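**Student:** Put chains B and C on the given structure of chain A with help from the hints.
Here is what each chain is made of, one letter per residue.
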Amino acid sequence: MDLYGRDLICTQDWSFEELMAALDLAAKMKRDRFNPRWTRILEHRTFIMFFYNPSVRTRLSFEAAMTELGGHAQFMTPSAGRFKTQKQAGETIEDAAKVMARYAAGIGIRILEDKVPYYGAGDEMLREYAYWADVPIFNMADDKFHPMQGLADVMGWAEWYGEGPGRPDYSALEGKKFVLTWASGALARSWCSVQEALLVASRFGMHVTLAYPEGYDLDPEVIAQVRQNCQERGTDFEVVHDPEAGYEGAHIVYARNWMSPNAYRDGVFHKQEEIEKALQYPEWILTAEKMARTDNAIFTHPMPVDRGHEVTDEVASGPRSAIYDIAENRLHVQKAVMALTMGNL
Amino acid sequence: MDLYGRDLICTQDWSFEELMAALDLAAKMKRDRFNPRWTRILEHRTFIMFFYNPSVRTRLSFEAAMTELGGHAQFMTPSAGRFKTQKQAGETIEDAAKVMARYAAGIGIRILEDKVPYYGAGDEMLREYAYWADVPIFNMADDKFHPMQGLADVMGWAEWYGEGPGRPDYSALEGKKFVLTWASGALARSWCSVQEALLVASRFGMHVTLAYPEGYDLDPEVIAQVRQNCQERGTDFEVVHDPEAGYEGAHIVYARNWMSPNAYRDGVFHKQEEIEKALQYPEWILTAEKMARTDNAIFTHPMPVDRGHEVTDEVASGPRSAIYDIAENRLHVQKAVMALTMGNL
Amino acid sequence: MDLYGRDLICTQDWSFEELMAALDLAAKMKRDRFNPRWTRILEHRTFIMFFYNPSVRTRLSFEAAMTELGGHAQFMTPSAGRFKTQKQAGETIEDAAKVMARYAAGIGIRILEDKVPYYGAGDEMLREYAYWADVPIFNMADDKFHPMQGLADVMGWAEWYGEGPGRPDYSALEGKKFVLTWASGALARSWCSVQEALLVASRFGMHVTLAYPEGYDLDPEVIAQVRQNCQERGTDFEVVHDPEAGYEGAHIVYARNWMSPNAYRDGVFHKQEEIEKALQYPEWILTAEKMARTDNAIFTHPMPVDRGHEVTDEVASGPRSAIYDIAENRLHVQKAVMALTMGNL
Numbered sequence: 001m002d003l004y005g006r007d008l009i010c011t012q013d014w015s016f017e018e019l020m021a022a023l024d025l026a027a028k029m030k031r032d033r034f035n036p037r038w039t040r041i042l043e044h045r046t047f048i049m050f051f052y053n054p055s056v057r058t059r060l061s062f063e064a065a066m067t068e069l070g071g072h073a074q075f076m077t078p079s080a081g082r083f084k085t086q087k088q089a090g091e092t093i094e095d096a097a098k099v100m101a102r103y104a105a106g107i108g109i110r111i112l113e114d115k116v117p118y119y120g121a122g123d124e125m126l127r128e129y130a131y132w133a134d135v136p137i138f139n140m141a142d143d144k145f146h147p148m149q150g151l152a153d154v155m156g157w158a159e160w161y162g163e164g165p166g167r168p169d170y171s172a173l174e175g176k177k178f179v180l181t182w183a184s185g186a187l188a189r190s191w192c193s194v195q196e197a198l199l200v201a202s203r204f205g206m207h208v209t210l211a212y213p214e215g216y217d218l219d220p221e222v223i224a225q226v227r228q229n230c231q232e233r234g235t236d237f238e239v240v241h242d243p244e245a246g247y248e249g250a251h252i253v254y255a256r257n258w259m260s261p262n263a264y265r266d267g268v269f270h271k272q273e274e275i276e277k278a279l280q281y282p283e284w285i286l287t288a289e290k291m292a293r294t295d296n297a298i299f300t301h302p303m304p305v306d307r308g309h310e311v312t313d314e315v316a317s318g319p320r321s322a323i324y325d326i327a328e329n330r331l332h333v334q335k336a337v338m339a340l341t342m343g344n345l
Numbered sequence: 001m002d003l004y005g006r007d008l009i010c011t012q013d014w015s016f017e018e019l020m021a022a023l024d025l026a027a028k029m030k031r032d033r034f035n036p037r038w039t040r041i042l043e044h045r046t047f048i049m050f051f052y053n054p055s056v057r058t059r060l061s062f063e064a065a066m067t068e069l070g071g072h073a074q075f076m077t078p079s080a081g082r083f084k085t086q087k088q089a090g091e092t093i094e095d096a097a098k099v100m101a102r103y104a105a106g107i108g109i110r111i112l113e114d115k116v117p118y119y120g121a122g123d124e125m126l127r128e129y130a131y132w133a134d135v136p137i138f139n140m141a142d143d144k145f146h147p148m149q150g151l152a153d154v155m156g157w158a159e160w161y162g163e164g165p166g167r168p169d170y171s172a173l174e175g176k177k178f179v180l181t182w183a184s185g186a187l188a189r190s191w192c193s194v195q196e197a198l199l200v201a202s203r204f205g206m207h208v209t210l211a212y213p214e215g216y217d218l219d220p221e222v223i224a225q226v227r228q229n230c231q232e233r234g235t236d237f238e239v240v241h242d243p244e245a246g247y248e249g250a251h252i253v254y255a256r257n258w259m260s261p262n263a264y265r266d267g268v269f270h271k272q273e274e275i276e277k278a279l280q281y282p283e284w285i286l287t288a289e290k291m292a293r294t295d296n297a298i299f300t301h302p303m304p305v306d307r308g309h310e311v312t313d314e315v316a317s318g319p320r321s322a323i324y325d326i327a328e329n330r331l332h333v334q335k336a337v338m339a340l341t342m343g344n345l
Numbered sequence: 001m002d003l004y005g006r007d008l009i010c011t012q013d014w015s016f017e018e019l020m021a022a023l024d025l026a027a028k029m030k031r032d033r034f035n036p037r038w039t040r041i042l043e044h045r046t047f048i049m050f051f052y053n054p055s056v057r058t059r060l061s062f063e064a065a066m067t068e069l070g071g072h073a074q075f076m077t078p079s080a081g082r083f084k085t086q087k088q089a090g091e092t093i094e095d096a097a098k099v100m101a102r103y104a105a106g107i108g109i110r111i112l113e114d115k116v117p118y119y120g121a122g123d124e125m126l127r128e129y130a131y132w133a134d135v136p137i138f139n140m141a142d143d144k145f146h147p148m149q150g151l152a153d154v155m156g157w158a159e160w161y162g163e164g165p166g167r168p169d170y171s172a173l174e175g176k177k178f179v180l181t182w183a184s185g186a187l188a189r190s191w192c193s194v195q196e197a198l199l200v201a202s203r204f205g206m207h208v209t210l211a212y213p214e215g216y217d218l219d220p221e222v223i224a225q226v227r228q229n230c231q232e233r234g235t236d237f238e239v240v241h242d243p244e245a246g247y248e249g250a251h252i253v254y255a256r257n258w259m260s261p262n263a264y265r266d267g268v269f270h271k272q273e274e275i276e277k278a279l280q281y282p283e284w285i286l287t288a289e290k291m292a293r294t295d296n297a298i299f300t301h302p303m304p305v306d307r308g309h310e311v312t313d314e315v316a317s318g319p320r321s322a323i324y325d326i327a328e329n330r331l332h333v334q335k336a337v338m339a340l341t342m343g344n345l
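Residue numbers (our numbering), protein chains in the order written: chain A, 1 to 345; chain B, 1 to 345; chain C, 1 to 345.
One chain only, chain A, in its complex shape (with noise of 0.2 Å):
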């Protein structure tokens, strides 16, 4: 396997093998952090952060990765720059995206919802750096994935249900049940992180239960293509609109606020409207009552966590609370790929 080059927009697509590679280098960094087999790999090699959303912990567990990669990331802001647009004159992505390349090593991107004209059109524009850039193209989140959260939050649960941090054990995650439930929240949140967390749920064996409101579906394709992962491990893939239903037995348990189909009309993102519509479900809270009726299961969440809304203190920083963790495993899986795919490893 040879994973020199390649791009990583959505877990989905890369084969299982692919993502074990990824993953398995990640524990072995996560186990013996600085030692110098990691920390030369990239040694003077540049990594280009284009930040179109800002964000603190993509911003930075990557940049963290690229020191402790040896080498450095750069952060960008589109403002910083003149890029075409259909509405301002400016530089193509052909242009931006082949010059990037003749400067650095790879090219990270994250762009949400709200700053693309409908949805799909931040993934589609990732897609089109990767066509003109011969350095890789990470998604640092847009508005369909988040590769890098998904790979650490299947590296998490597999840690809580192996031999701890740093000891995963994939195989454990085999015919566990793994609960997605919306959750309320003030914070109008995108698809891409849930989305992309069904996806490795499905795809490392796991029977899904996926919880929400009326009127909060999530992309059709994407769950057309979790249904199939299951289908191919022959796992249980259910959908219930209850706030108390699908607990009982889960092992994982994923709450998050999402926003609704109805967020972008007339090129428009609707936020307050949507804020105010997720606040009249307050009974859709994870609360230590709801965890308490599980098979003694985790708490994951991508942070941040909106406490009070989403999910009870008592849960967030509870013993089976597994954001911590998870949230460090950003730092460590994305390492293992900007090594693997930048790194010539």
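Keep in mind that the hints were calculated from the coordinates and are not lab data.
Any given hint might turn out to be false.
What the hints assert, rightly or not - Calculated cross-link-like contacts (lysine-lysine; reagent style DSSO-like; alpha-carbon spacing at most 30 Å):
{"no.": "1", "chain 1": "B", "residue 1": "Lys115", "chain 2": "A", "residue 2": "Lys271"}
{"no.": "2", "chain 1": "B", "residue 1": "Lys176", "chain 2": "C", "residue 2": "Lys98"}
{"no.": "3", "chain 1": "C", "residue 1": "Lys98", "chain 2": "C", "residue 2": "Lys277"}
{"no.": "4", "chain 1": "A", "residue 1": "Lys115", "chain 2": "A", "residue 2": "Lys98"}
{"no.": "5", "chain 1": "C", "residue 1": "Lys115", "chain 2": "B", "residue 2": "Lys271"}
{"no.": "6", "chain 1": "C", "residue 1": "Lys176", "chain 2": "A", "residue 2": "Lys98"}
{"no.": "7", "chain 1": "C", "residue 1": "Lys271", "chain 2": "B", "residue 2": "Lys271"}
{"no.": "8", "chain 1": "B", "residue 1": "Lys115", "chain 2": "C", "residue 2": "Lys115"}
{"no.": "9", "chain 1": "C", "residue 1": "Lys98", "chain 2": "B", "residue 2": "Lys28"}
{"no.": "10", "chain 1": "C", "residue 1": "Lys98", "chain 2": "C", "residue 2": "Lys115"}
{"no.": "11", "chain 1": "A", "residue 1": "Lys277", "chain 2": "A", "residue 2": "Lys115"}
{"no.": "12", "chain 1": "C", "residue 1": "Lys271", "chain 2": "C", "residue 2": "Lys115"}
{"no.": "13", "chain 1": "B", "residue 1": "Lys271", "chain 2": "B", "residue 2": "Lys115"}
{"no.": "14", "chain 1": "B", "residue 1": "Lys98", "chain 2": "A", "residue 2": "Lys271"}
{"no.": "15", "chain 1": "C", "residue 1": "Lys271", "chain 2": "A", "residue 2": "Lys98"}
{"no.": "16", "chain 1": "A", "residue 1": "Lys115", "chain 2": "C", "residue 2": "Lys176"}
{"no.": "17", "chain 1": "C", "residue 1": "Lys271", "chain 2": "A", "residue 2": "Lys115"}
{"no.": "18", "chain 1": "A", "residue 1": "Lys28", "chain 2": "A", "residue 2": "Lys176"}
{"no.": "19", "chain 1": "A", "residue 1": "Lys115", "chain 2": "A", "residue 2": "Lys271"}
{"no.": "20", "chain 1": "A", "residue 1": "Lys98", "chain 2": "C", "residue 2": "Lys28"}
{"no.": "21", "chain 1": "B", "residue 1": "Lys115", "chain 2": "A", "residue 2": "Lys115"}
{"no.": "22", "chain 1": "C", "residue 1": "Lys176", "chain 2": "C", "residue 2": "Lys28"}
{"no.": "23", "chain 1": "B", "residue 1": "Lys98", "chain 2": "A", "residue 2": "Lys28"}
{"no.": "24", "chain 1": "B", "residue 1": "Lys98", "chain 2": "B", "residue 2": "Lys115"}
{"no.": "25", "chain 1": "B", "residue 1": "Lys98", "chain 2": "A", "residue 2": "Lys176"}
{"no.": "26", "chain 1": "B", "residue 1": "Lys277", "chain 2": "B", "residue 2": "Lys115"}
{"no.": "27", "chain 1": "B", "residue 1": "Lys28", "chain 2": "B", "residue 2": "Lys271"}
Claimed, not checked - A short, non-exhaustive set of chain C residues, derived as facing chain B with CB atoms under 7 Å:
{"no.": "28", "residue": "His72"}
{"no.": "29", "residue": "Asp95"}
{"no.": "30", "residue": "Ala97"}
{"no.": "31", "residue": "Lys98"}
{"no.": "32", "residue": "Arg102"}
{"no.": "33", "residue": "Tyr103"}
{"no.": "34", "residue": "Ile223"}
{"no.": "35", "residue": "Asp313"}
None of these values were measured; they are calculated from a predicted model.
Just so you know, even glycine gets a beta-carbon here, dropped at the ideal spot from N, CA and C.
**Tutor:** Frame of chain A; chains B and C shown alone:
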């Protein structure tokens, strides 16, 4: 003495011996800036610089310090994240601090009075970060204190009364007369630098004269601490309200503008009002004539200098101006503190 | 020859031999980009990039250059500081430059015409920084000149008329015909790149044809210098005002929009007016038809290219387009200049 893991939020939080450990290492580092003994201490490590308020000197000197210690400093602003405040949903300090500590070996925060609801709230926020993060938290200037500036100041004074750059003599400061005077100015400045300077000067055994117009009191708790420091060292502390008083016999003169205690009323920073009021005291400027009445005193200032308001060009660019040496010392004291607290030195 | 400590504000400030020293080193660095001979030259050193105006290519290439030389480039914008201007109190250039020189081994500044009160004020500011700072000051594009672009241009031309990437032949440029033509466009561009290109082309022994519509004169002092350069090299310099003229026998065609001398009136940048005016000259676009009348000329442009206004896609993406190679050369010439001036090489 083991400073590994220690926060630095105010110099008063550290013992005199601990401060001297940092200052002695800073002098060694200044004398031999790029020696391999220092350049690998934080190799591949990340330091997070969190700037609620912008800065040139602090940013440059912290980022250069990490580069010179072999690591990397990330520049972050709060607009890059979604932090919970009284007015908006977002991430708690608990979550932010715990995650950042997974990626970074240390965190610096700068937050001044215009970004907090009441005086002291910035300092409290730093202490909350320190509570949750298990890596060192450094104060890069908050609404009360500015410890790195205080260390750079005293190092500079001890160099000028010692054997020059990189050869400070701290015992030479004992019994010297330190005059800190309010000055006119158009920048309505924070209290942090001057309060830290008073704490440091009094702990290093100097007689302290504090001069300001009626109505420009500093934090009474800090002043009480300065008084106590002087008492413990057996030195004098006096307050005068005359722009001509206090210069006789002075060895170090620190002239700087600061805002009045009334700058914040009803949660609003009355900046323009403060500036107009301060400009009504043009006689509170440090001149060569005043300096001529001292015991050949040096001029000290944390910069940026508001020339023409706080001090004349003749003094600021004159032969007894220590300002550039002290600015440079920011780099060296920060390197020393980071090496000791983050670097397991 | 010793370039240690030298500023680079315009290529005309350096002797031909000094420019060749930088260009020869750039070619060596390009041929063997990550050789340890280069990667330690600025180890642990800091370069400050001061961007009054944003940029993608300049930022990326300078920051990558420092990473590849072993050091680190800090990204700063003036909003990060409180600088003295005619309208506000703040820090003087004297103080800013002297302090930065304590932290950094070199300083780059980018300031274009929209950030200064009159044409030439940006270039003057750079020279004031150079006066006060005792580390090299580099022009990263100001209102008059863009020396790194000029060096990258001539390196690219010499590669295309030499033996290809990394194998330039500068003598092959002597006696060649260089055509620099104004082009339509929607970006109202600065004069710095084209003025620098004219200076460089004339110094390297090329015949120079400058084409533009009446009303688009460049700086008469720069044009006088170009004339003198041509005279010294015994080459021709001509000005034409016909969009079809000058192409016969051309070897290098540089087509780019620039603003008229009337763009700034009463201290205001009439940007929209400039754009509207420029768009009234659609015949001033570089086409394959025009290129067919040359002596198989290459197309050169400093990027970003305003495709469809300045040049057709057919030319910009065609087999004789040197634009990506020249963009890459920014990295190599900057590495060479920084190594020679900051690195004591």
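**Student:** Hints first: check each against the structure and report whether it holds.
**Tutor:** Verification of the supplied hints:
A threshold of 30 Å between alpha carbons decides the hint, and for lysine 115 of chain B with lysine 271 of chain A the separation of about 26 Å falls inside it, so the pair holds. Taking the CA atoms of lysine 176 of chain B and lysine 98 of chain C, the gap is near 28 Å; set against the 30 Å cutoff, the hint holds. A hinted pair counts as satisfied when its Cα atoms are at most 30 Å apart, and lysine 98 of chain C with lysine 277 of chain C does not qualify at roughly 44 Å. Taking the CA atoms of lysine 115 of chain A and lysine 98 of chain A, the gap is about 23 Å. The hint holds against a cut of 30 Å.
Of the pairs offered as hints, the one joining lysine 115 of chain C and lysine 271 of chain B holds, with about 26 Å between alpha carbons and a cut-off of 30 Å not exceeded. With a CA separation close to 29 Å, the supplied pair lysine 176 of chain C and lysine 98 of chain A stays within the 30 Å bound. With a C-alpha separation of about 34 Å, the suggested pairing of lysine 271 of chain C with lysine 271 of chain B is violated against the 30 Å cut-off. Between lysine 115 of chain B and lysine 115 of chain C, the direct Cα distance comes to roughly 28 Å. Compliance with the 30 Å bound is thereby established for this hinted pair.
Proposed proximity of lysine 98 of chain C and lysine 28 of chain B is supported: the alpha carbons are some 23 Å apart, at most 30 Å. For the suggested pair lysine 98 of chain C and lysine 115 of chain C, the alpha carbons sit about 23 Å apart, so the restraint of at most 30 Å is met. Among the hinted pairs, lysine 277 of chain A with lysine 115 of chain A is consistent with the structure: their alpha-carbon atoms are about 22 Å apart, no more than 30 Å. This hinted pair checks out: lysine 271 of chain C and lysine 115 of chain C have alpha carbons roughly 13 Å apart, not beyond 30 Å.
Restraint check: the Cα-Cα separation between lysine 271 of chain B and lysine 115 of chain B comes to about 13 Å, which is no more than 30 Å; the hinted pair holds. Between lysine 98 of chain B and lysine 271 of chain A the alpha-carbon distance is near 29 Å, which keeps this suggested pair within the 30 Å criterion. Restraint check: the Cα-Cα separation between lysine 271 of chain C and lysine 98 of chain A comes to about 29 Å, which is no more than 30 Å; the hinted pair holds. For the hint pairing lysine 115 of chain A with lysine 176 of chain C, the CA-to-CA distance comes to about 47 Å; that exceeds 30 Å, so the pair is violated.
About 26 Å separates the Cα atoms of lysine 271 of chain C and lysine 115 of chain A, which keeps this hinted pair within 30 Å; it holds. Annotation: proposed proximity of lysine 28 of chain A to lysine 176 of chain A holds, straight-line Cα distance about 25 Å (limit 30 Å). At roughly 13 Å between alpha-carbon atoms, lysine 115 of chain A and lysine 271 of chain A fall within 30 Å of each other, so this suggested pair holds. At roughly 23 Å between alpha-carbon atoms, lysine 98 of chain A and lysine 28 of chain C fall within 30 Å of each other, so this suggested pair holds.
For the hint linking lysine 115 of chain B to lysine 115 of chain A, the alpha-carbon distance of about 28 Å falls within 30 Å, and the restraint holds. Distance hint between lysine 176 of chain C and lysine 28 of chain C is fulfilled; the C-alpha atoms sit about 25 Å from each other, no more than 30 Å. Under the criterion of a C-alpha separation no larger than 30 Å, the hint pairing lysine 98 of chain B with lysine 28 of chain A is consistent with the structure, at around 23 Å. Proposed proximity of lysine 98 of chain B and lysine 115 of chain B is supported: the alpha carbons are some 23 Å apart, at most 30 Å.
A threshold of 30 Å between alpha carbons decides the hint, and for lysine 98 of chain B with lysine 176 of chain A the separation of about 28 Å falls inside it, so the pair holds. With a C-alpha separation of about 22 Å, the suggested pairing of lysine 277 of chain B with lysine 115 of chain B holds against the 30 Å cut-off. Only pairs whose Cα atoms come within 30 Å are accepted, and lysine 28 of chain B paired with lysine 271 of chain B is rejected, the gap being roughly 42 Å. Against a cut-off of 7 Å between C-beta atoms, the interface hint on histidine 72 of chain C holds, since the closest Cβ of chain B lies about 4 Å away.
Interface hint at aspartate 95 of chain C: satisfied, since its Cβ lies 6 Å from the closest Cβ of chain B, which is below the 7 Å cut-off. For alanine 97 of chain C, the suggested interface contact is broken, since its CB lies about 10 Å from the closest CB of chain B, more than 7 Å. Interface hint at lysine 98 of chain C: satisfied, since its Cβ lies 5 Å from the closest Cβ of chain B, which is below the 7 Å cut-off. Residue-level restraint check for arginine 102 of chain C holds (minimum Cβ-Cβ distance to chain B is 4 Å; threshold 7 Å).
For tyrosine 103 of chain C, the interface hint holds, the least distance from its beta-carbon to any beta-carbon of chain B being 5 Å, beneath 7 Å. The interface hint given for isoleucine 223 of chain C is violated, since its Cβ lies 38 Å from the closest Cβ of chain B, which is over the 7 Å cut-off. The restraint placing aspartate 313 of chain C at the interface with chain B is violated, with a minimum CB-CB distance near 37 Å, outside the 7 Å limit.
Figure legend: structure checked against the earlier numbered hints; hints not met, in rising order: 3, 7, 16, 27, 30, 34 and 35.
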